[in-house]
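Residue-level listing of the chains:
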Amino acid sequence: MIEMPRIEVPFGPYHPALGEPEYFQVVLEGERIVAVDFNLGYNYREIEKHVLSFTWPKAVVLLGRICGICSSAHTQAFTMAYEKINMIEVPRKARFIRTIGAELERIHSHLLWLGLLGDAAGFDTLFMLSWAAREHALNSLERLSGKRIHYNYLRYGGVHKDLTKSGTDFLRGELKELKKKYSDAYEAFMSNEALRGRLKGVGVLDRDKALELGVVGPTARGSGIKVDTRKDAPYSAYDEVEFRIPTAKAGDAYARALVRLEEVWQSIHIVEQSLSLMPKSKLPAAKQRYASRKGEATQVVEAPRGENFHFVVADTNTPKFIRVRPPTFANIIAVPHMLEGRTMSDVPVVISSIDPCFACTDRVVVVDLDKRTVKEVNM
Amino acid sequence: MKGKGARLITISCDGKKLHYHFFLAGEVKTLRKPVKGAQSICSLYPGAELYEREIMEKFGVRFRGHPPKKLFT
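If you're matching them up, the sequences are chains S and A in order.
Under this note's numbering, the first sequence has 196 at position 196, and the numbering climbs by one with no breaks.
Under this note's numbering, the second sequence has 40 at position 40, and the numbering climbs by one with no breaks.
Check the hints yourself; a few may be wrong.
[Unchecked claim] Here are the computed lysine-lysine pairs in the DSS-like style, where the Cα-Cα straight-line distance is at most 30 Å:
#, chain 1, residue 1, chain 2, residue 2
1, A, 33, S, 49
2, A, 29, S, 226
3, S, 84, A, 2
4, S, 280, S, 231
5, A, 2, A, 36
6, S, 280, A, 58
7, A, 4, S, 84
8, A, 4, S, 209
9, S, 249, S, 84
10, S, 147, S, 181
11, S, 147, S, 249
12, S, 58, A, 36
13, S, 320, A, 36
14, A, 58, S, 58
15, A, 36, A, 4
16, S, 147, S, 161
17, A, 33, S, 84
18, A, 29, S, 209
19, A, 4, S, 49
20, A, 4, S, 280
21, S, 93, S, 287
22, S, 165, A, 58
23, S, 49, A, 58
24, A, 2, S, 249
25, S, 49, S, 147
26, S, 249, S, 226
Simulated from the structure, these hints should not be mistaken for laboratory data.
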């Protein structure tokens, strides 16, 4: 047998097939990938430290800026941790508005991912269809919060404005359009044999390995693990609405895609239920709070990519310590396992199949999984 | 914790203490250990590798038994 030389191929930090700056080092033997290392930190902004000098009303704004896509998940986790420390009861209507915001965010995040997947696979019809549907989720978020992204609509103890009857009607209309357009995108994905062939069997993460690594969100659910914070530790109004957690057994990129596609339907279902279950009474805007009791609290919420965790230690005027564990930080460790034995062309597909968000994840870390290929990377 | 079927969420470090956050039976449980003499839990939870690595690089904490890797400095 001919022994193939080992080749180290850098993938990133700036690469046409990688949306955000991150460095992956792929070690090849011939065509086959034998090891993958990755290096995080190209997007690092040290928000956890920076926020400690911010007053409480400002802190929640900054934490929403951790990520442009899961802005609601971060502010929600942080706000709820503050509410736990100060024992603040959130009005029922505000809890429903938070649920609607979180689910609209999930819809727009999954549709963004679906569009990018279509684009990366050269299937631009899917890209156009899914982003057309996403537009309605963004319109709804704009009506709900005032902004299309970085919707800073949460206040300690509630939300910053009420959702009136005209707002509810607008959201219903947008959802109707969204459903119609999403059906087309869904159909385009499901009926495309080429796309299925590209994703099936690629980047397999079996159930045992997924449990061992502690992956979360659609990455875990695609490997048959029924883990979802919305059901496991219900918050906001998730205990009042009905929905199911889609799972798939195969553990490959296609299974993860199917889970996300089904989740969009479930999220639409949750928003519809919330709109009808929400109390009709007027909700006064929550007043701004500038002080806190001293104490600490943890909070987990289900972001579009999985479980998002915040650990907050409060001082009177500012946070004293904050720890954020975004879902991609838990999922990225699975990428080398998914890629082992595959070819170079599978790298973008597998990385995008966990729907990574490096803006959330980044911190100064180097992981070298193969000792023989340890290499120092200068930033 | 592993025996009870708890899932490790993450490890936090405030410079003095390590906070191990686990998800168990619908709740987040936190265990606290001093930074001094920290032991790696990578053999129990392989997913802890990144969390320990982050703390090693941010706070200079040494975890005994952590898989030998090159520090990014």
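Verification of the hints:
{"no.": "1", "hint": "33/A / 49/S", "verdict": "holds, 22 Å"}
{"no.": "2", "hint": "29/A / 226/S", "verdict": "holds, 20 Å"}
{"no.": "3", "hint": "84/S / 2/A", "verdict": "holds, 27 Å"}
{"no.": "4", "hint": "280/S / 231/S", "verdict": "holds, 26 Å"}
{"no.": "5", "hint": "2/A / 36/A", "verdict": "holds, 22 Å"}
{"no.": "6", "hint": "280/S / 58/A", "verdict": "violated, 49 Å"}
{"no.": "7", "hint": "4/A / 84/S", "verdict": "holds, 26 Å"}
{"no.": "8", "hint": "4/A / 209/S", "verdict": "holds, 18 Å"}
{"no.": "9", "hint": "249/S / 84/S", "verdict": "violated, 37 Å"}
{"no.": "10", "hint": "147/S / 181/S", "verdict": "holds, 22 Å"}
{"no.": "11", "hint": "147/S / 249/S", "verdict": "violated, 38 Å"}
{"no.": "12", "hint": "58/S / 36/A", "verdict": "violated, 35 Å"}
{"no.": "13", "hint": "320/S / 36/A", "verdict": "holds, 22 Å"}
{"no.": "14", "hint": "58/A / 58/S", "verdict": "holds, 25 Å"}
{"no.": "15", "hint": "36/A / 4/A", "verdict": "holds, 26 Å"}
{"no.": "16", "hint": "147/S / 161/S", "verdict": "holds, 13 Å"}
{"no.": "17", "hint": "33/A / 84/S", "verdict": "holds, 24 Å"}
{"no.": "18", "hint": "29/A / 209/S", "verdict": "holds, 23 Å"}
{"no.": "19", "hint": "4/A / 49/S", "verdict": "violated, 34 Å"}
{"no.": "20", "hint": "4/A / 280/S", "verdict": "violated, 44 Å"}
{"no.": "21", "hint": "93/S / 287/S", "verdict": "holds, 15 Å"}
{"no.": "22", "hint": "165/S / 58/A", "verdict": "violated, 50 Å"}
{"no.": "23", "hint": "49/S / 58/A", "verdict": "holds, 11 Å"}
{"no.": "24", "hint": "2/A / 249/S", "verdict": "holds, 24 Å"}
{"no.": "25", "hint": "49/S / 147/S", "verdict": "holds, 27 Å"}
{"no.": "26", "hint": "249/S / 226/S", "verdict": "holds, 10 Å"}
Checked against the numbered hints above, the structure violates hints 6, 9, 11, 12, 19, 20, 22; every other hint is satisfied.
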